[in-house]
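Got chain G; can you put chain X on it based on the hints?
As you go down the protein sequences, you meet chains G and X in turn. Going by the numbering used here, the first sequence opens with residue -18, and the numbers climb by one from there. Going by the numbering used here, the second sequence opens with residue 60, and the numbers climb by one from there.
Every clue listed holds true.
Derived list of chain X stretches under chain G, where covered just means 3 residues or more per stretch with a C-beta under 8 Å from a C-beta of chain G:
#1 97 to 106
#2 158 to 171
Using 20 Å as the maximum straight-line C-alpha spacing, the simulated EDC-like pairs for lysine to aspartate or glutamate come out as follows:
#3 K196(G) - E233(X)
#4 K196(G) - E248(X)
#5 K196(G) - D168(X)
#6 K196(G) - E253(X)
#7 K160(X) - E199(X)
#8 K282(G) - D271(G)
#9 K196(G) - E247(X)
#10 K233(G) - D271(G)
#11 K233(G) - D269(G)
#12 K196(G) - D251(X)
Just so you know, these hints were derived from the structure itself, not from any lab. No residue lacks a Cβ here, since even glycine has one placed at the ideal position from N, Cα and C.
Listed here are the chains, written in short residue letters.
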Amino acid sequence: MKLLSASSLALSWNRFWFAPGSPRNLAAARIVFAVTSLWVLVSRDFAGISGLPAEFWSGVPASARWRFLDFAGHPFLERALEQGAALALVCVILGVLPRLSCFLAGMLLYHLAPLESIIWTNSPYARGLTISVLALLTLAFSPCGDCWTLMPSKIRKQADSAGDYTWPVQLIQVFIVQIYFFSGYSKVFYSGWRWASPSNMRNWMLYFSQADQTKVFHSLGAWIAARPVICGIIGVGTLVFELGLFVVLFSKTARRLLVPLVAVFHLGILFSMNLVFLNVPQLLVFADWDSVQSWIRTRSKSVETHLELTGPRNQA
Amino acid sequence: MKTNIASALGFAAFVGSGLLVEAGRRFPGRWDRRRSIHVFLFVALFVSFGAGLSQHDMWPFSSWKMMTGLTPPATRALPTLSIVGVDAGGNEYQIDYRAWKPLSPEELDSWLRNNFYELDPAARARAASFLLQLSNGAREQALSTAGLPFPNRWLGHLTAPTHLLHPAVWSRAENTPHTPLVGLRIYEESWDLEARRHAPVRVTRVLADEYPSR
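Isolated chain G (complex conformation) (with noise of 0.2 Å):
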């Protein structure tokens, strides 16, 4: 009986990460992070964080230094570091060395992202680079170069099985999902349930709208925050969503379902708390592109044979 759990719970395991899957799907992740990334990158100022006078500098800790390596005064070294990060990820968006340029992005924006909030804490979550640092290390090591590159290897496919298109997708997945779990989670290991009462969205609702230094959408927060109902199902259904998002990892109707979702709970955020999440365009590593794909070619099809019957030859 042991024996046959551990081998079920094995197949089960295998299933989840090395089920057959599409080149497509990996070069897909690999472009969308890489483009998500260098937004992020290009709207930042790193290297400026490096120059500041030394008293922004004074608290941070010797191990958080070290840990990053990221010092005071050396905004040049800097300026040229996310220059060849930037100049990685436009690599990795046309597919030119696609794994090197993936463990080179990933490592300089290790580096380099917590610049942003170094001068008060060593946690730059929530601000856009984080998910991208595990992703294209995790692309490094995958053969996300098979598909959708500029320079094609020429020696052989990277990938051993259509298995190896998977685990590195799923894995992205999982990280992203993470995001959703351990902030439910973390709501109720810090709030209890009392997190989703309708007093506490209220309030939420009304600090966010009324905070003149981020005041720019004011009226859905407010015009939620008159209806105790509202808040109370806004509470209780971002709890459920967060904590329940996880199905998406098995189930394809699910995944159908709740992805959209997701970014549509994203907009009701901003525009009701003026919180932004960068990672929402990340959410199209959820997609089925080689359906997206043989949906373009049929449309694309349908076009022409529409515009061959429609054409000059045919209306004369």
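Chain X alone, transformed into the frame defined by chain G:
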């Protein structure tokens, strides 16, 4: 210290086990590639779930602690910091978030709360002087025909925003100070959420610091 060492080890284990996968690909006879993938997956899951379930952030393996608190109806427990610029006439101006580049307002706010008051008076004055310099530089840019640029001037409005959205107050000429700022004031603002719903101006402001100090 301990967190930094543990986090660095977790990240090193992640990268190291990933390199084993690469070794398995390059030397197929000498290294079982499938086994190295299992090790890599196990390490990635162990470290990421360890960080999340223990709620010890080990970036990039994050605990994703977001909006976890119970918000009190009045924000007095954690006042919001507001930095305003002061001109020679004593008029106060809200400062545009883009003025603080390379810092974002969230990071500056947290640094002020956690570190600024730990500095000795001379160091505090030097930091405030730097912030005043940034504000005046941004003020001049805001008054120029090109206006105050977004953190990435080429992307403009498409620049990736920070986690919190901030109003671009100096995009309007009437909000921009027309004479140089000569000082900065840091206020702690607090308000009763319910009262402010009906009267937006009902905010209590306490002067926390001023540069140059009087």
